[in-house]
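Asks: Okay, here's what each chain looks like letter by letter:
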Amino acid sequence: MPEVQRVPIKVKVNGKSYELAVEPRMLLVEMIREDLDLTGTHIGCDTTYCGACTVLFNGLPVKSCTMFAVQADGAEITTVEGLEKDGHLHPLQEAFVNQHGLQCGYCTPGMLMSGAYLLSKHPHPSEQEIRKGIAGNTCRCTGYQNIFKAIETAAKG
Amino acid sequence: MFPRSFNYHRASSLREAATMLGQLGSEARALAGGQSLIPLMKLRFANPAHLVDLNFIKDTSYIRAEGDVVRFGPMTRHAEIENSDLRTRLPIVHDCAAGIADVQVRNRGTIGGSVAEADPSGDWATTLLTLNTEVRCISARGERTVALQNFITDAYTTVLAPDELVSEIDVKMPPKNSGGCYLAFKRCAPVYASAAVAVQLRMEDGQCRDAAIYLGCVGLTPVRATSAEGELRGQSINPDTIIKAADAARSAADPQPDMRGSADYKRSLVAGLLKRAIDVAARRARGERVEVSHIYA
Numbered sequence: 503m504p505e506v507q508r509v510p511i512k513v514k515v516n517g518k519s520y521e522l523a524v525e526p527r528m529l530l531v532e533m534i535r536e537d538l539d540l541t542g543t544h545i546g547c548d549t550t551y552c553g554a555c556t557v558l559f560n561g562l563p564v565k566s567c568t569m570f571a572v573q574a575d576g577a578e579i580t581t582v583e584g585l586e587k588d589g590h591l592h593p594l595q596e597a598f599v600n601q602h603g604l605q606c607g608y609c610t611p612g613m614l615m616s617g618a619y620l621l622s623k624h625p626h627p628s629e630q631e632i633r634k635g636i637a638g639n640t641c642r643c644t645g646y647q648n649i650f651k652a653i654e655t656a657a658k659g
Numbered sequence: 005m006f007p008r009s010f011n012y013h014r015a016s017s018l019r020e021a022a023t024m025l026g027q028l029g030s031e032a033r034a035l036a037g038g039q040s041l042i043p044l045m046k047l048r049f050a051n052p053a054h055l056v057d058l059n060f061i062k063d064t065s066y067i068r069a070e071g072d073v074v075r076f077g078p079m080t081r082h083a084e085i086e087n088s089d090l091r092t093r094l095p096i097v098h099d100c101a102a103g104i105a106d107v108q109v110r111n112r113g114t115i116g117g118s119v120a121e122a123d124p125s126g127d128w129a130t131t132l133l134t135l136n137t138e139v140r141c142i143s144a145r146g147e148r149t150v151a152l153q154n155f156i157t158d159a160y161t162t163v164l165a166p167d168e169l170v171s172e173i174d175v176k177m178p179p180k181n182s183g184g185c186y187l188a189f190k191r192c193a194p195v196y197a198s199a200a201v202a203v204q205l206r207m208e209d210g211q212c213r214d215a216a217i218y219l220g221c222v223g224l225t226p227v228r229a230t231s232a233e234g235e236l237r238g239q240s241i242n243p244d245t246i247i248k249a250a251d252a253a254r255s256a257a258d259p260q261p262d263m264r265g266s267a268d269y270k271r272s273l274v275a276g277l278l279k280r281a282i283d284v285a286a287r288r289a290r291g292e293r294v295e296v297s298h299i300y301a
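Going down the list, the sequences are from chains A and B.
Counting from 1, position 156 in the first sequence corresponds to residue 658 in this note's numbering; the numbering is continuous, with no gaps.
Counting from 1, position 6 in the second sequence corresponds to residue 10 in this note's numbering; the numbering is continuous, with no gaps.
Simulated from the structure, these hints should not be mistaken for laboratory data.
The C-beta atom is built at its ideal place from N, Cα and C for all residues, glycine as well.
Treat the hints loosely; a few may be bogus.
Simulated crosslink set (BS3-like; lysine-lysine; CA at most 30 angstroms straight-line) [unchecked claim]:
1) B:K46 / A:K514
2) B:K62 / A:K518
3) B:K279 / A:K634
4) B:K46 / A:K512
5) B:K62 / A:K512
6) A:K514 / B:K62
7) A:K623 / B:K279
Pulled a few chain A residues facing chain B out of the computed Cβ check, cut under 10 angstroms [to be verified]:
8) E525
9) P526
10) C552
11) M569
12) L620
Partial chain B-side listing against chain A, Cβ under 8 angstroms, derived [to be verified]:
13) A53
14) D57
15) R93
16) N111
Build the full structure now, drawing on both the sequences and the hints.
Replies: Now the structure itself:
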């Protein structure tokens, strides 16, 4: 067996700094789940389609199954665990609870990350902006209606 | 899903990246936004032994207007183009950028990567071919500039040498009284389009002086619909000429039947999209502000 390359990286996840040595082919989502034990981020389709693995990479939503961990060197990442502050859920998380914005919950971490980013960019999004904002996140249970409602509710504050 | 093992290399300049690709040989690939390459590697359709990461190279992500040329850095993300002032200055480019896949993919995918990948279902080449576009390329041997219509030679194939990279994409602003439009139809956001059309018109005294029409996803490379262009040139843009151009485009398309639809369906789709796109391009040429993007459910 040839020696496996390991690349040292420094990464900040949810405000906490980590130093790791990763195999180049390790996907960012695997590093988050396996090395950092942050299992809130889900692996859904694993083919750049469903968005369950969405995290914020330097503030922007990306599909963490479609990046290598080694590319996160020097980056700041926010996962769904990073949404709550001081023991209080993010307003969007509260809205998901109150509006029944989930059924099985599998897509929810990705929906929350895309939704939170949308609200940070458009605090009062139109229905069209909401639809476009979460177009990269697939839900097979809800029919999306209550997810829209939750985002609208969070926007109203 | 994990790709096969590979060695990772980080370049600090495009020239260094090109040199690395030359030294590492034919098993090396450049990693730009990775939104095509990484899925291919996970499916093990692509198994490079070495990846040269371009994402840490500074000053490769920009949109610069110089005279009547707009210069795109090769690593400019689709989202940066979507959110730029090209929305009003060159709306066809916004049509394309704002509709590619979804928010997440647009934050990673790059214009240079898309053009160099030459995927028959890619959006950028079809759009940029209707404009006067040049691709600047760099290798350890030097630089060269290739017109986009000579750059893509076949599906997934360009004139780039294995140790050569796209260093810039230069788009000439169309003359005044011009209008363009890119429209693609896809079944949902994250997938490739089923069919796409790009139109660029120059109008004068109510008549179309110049027309460029390319069809996407219906051939191994974007298809130039010269007969459709001929139906518009020298004519006024009205329902009659639009239908003639759409019928010509239906014949020009050379689609493959696949999971996105039969060949007949895609020909009809091209004709329908072209009718809308010509209308939008003509209105934009008159100075109207019209917002369009990819169409999906």
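Asks: Next pair to validate is A:K623 with B:K279; report whether the Cα-Cα distance is within 30 angstroms.
Replies: Roughly 34 angstroms separates the two Cα atoms, so the pair is violated.
Asks: Using the nearest Cβ pair, does B:R93 come within less than 8 angstroms of chain A?
Replies: violated, 22 angstroms
Asks: Do the numbers back the hint for B:A53, that is, is its least Cβ distance to chain A under 8 angstroms?
Replies: violated, 10 angstroms
Asks: Hey, does the A:C552 contact hint survive, CB to chain B under 10 angstroms?
Replies: holds, 8 angstroms
Asks: For a C-alpha distance cap of 30 angstroms, please report whether B:K46 and A:K512 respect it.
Replies: At roughly 24 angstroms apart (the allowed maximum being 30 angstroms), A:K512 and B:K46 satisfy the hint.
Asks: Quick one, is the A:M569 hint okay against chain B at 10 angstroms, beta carbons?
Replies: At 6 angstroms from the nearest chain B Cβ, A:M569 passes the 10 angstroms test, so the hint holds.
Asks: Per the CB criterion, is B:N111 less than 8 angstroms away from chain A?
Replies: Holds, because the Cβ-Cβ distance from B:N111 to chain A comes to roughly 4 angstroms (cut-off 8 angstroms).
Asks: Take the shortest C-beta to C-beta distance between A:L620 and chain B; is it under 10 angstroms?
Replies: holds, 8 angstroms
Asks: Can the restraint linking B:K62 and A:K518 be considered satisfied, given a maximum Cα separation of 30 angstroms?
Replies: Cα-Cα ~26 angstroms, so holds.
Asks: How about B:D57: closest beta carbon in chain A under 8 angstroms, or not?
Replies: Where the cut-off is 8 angstroms and the nearest Cβ of chain A is about 7 angstroms from B:D57, the hint holds.
Asks: Hinted pair, alpha-carbon criterion (30 angstroms max): A:K514, B:K62. Please report holds or violated.
Replies: holds, 21 angstroms
Asks: Quick one, are B:K62 and A:K512 close enough, alpha carbons at most 30 angstroms?
Replies: holds, 19 angstroms
The earlier numbered hints that this structure contradicts are 7, 13, 15.
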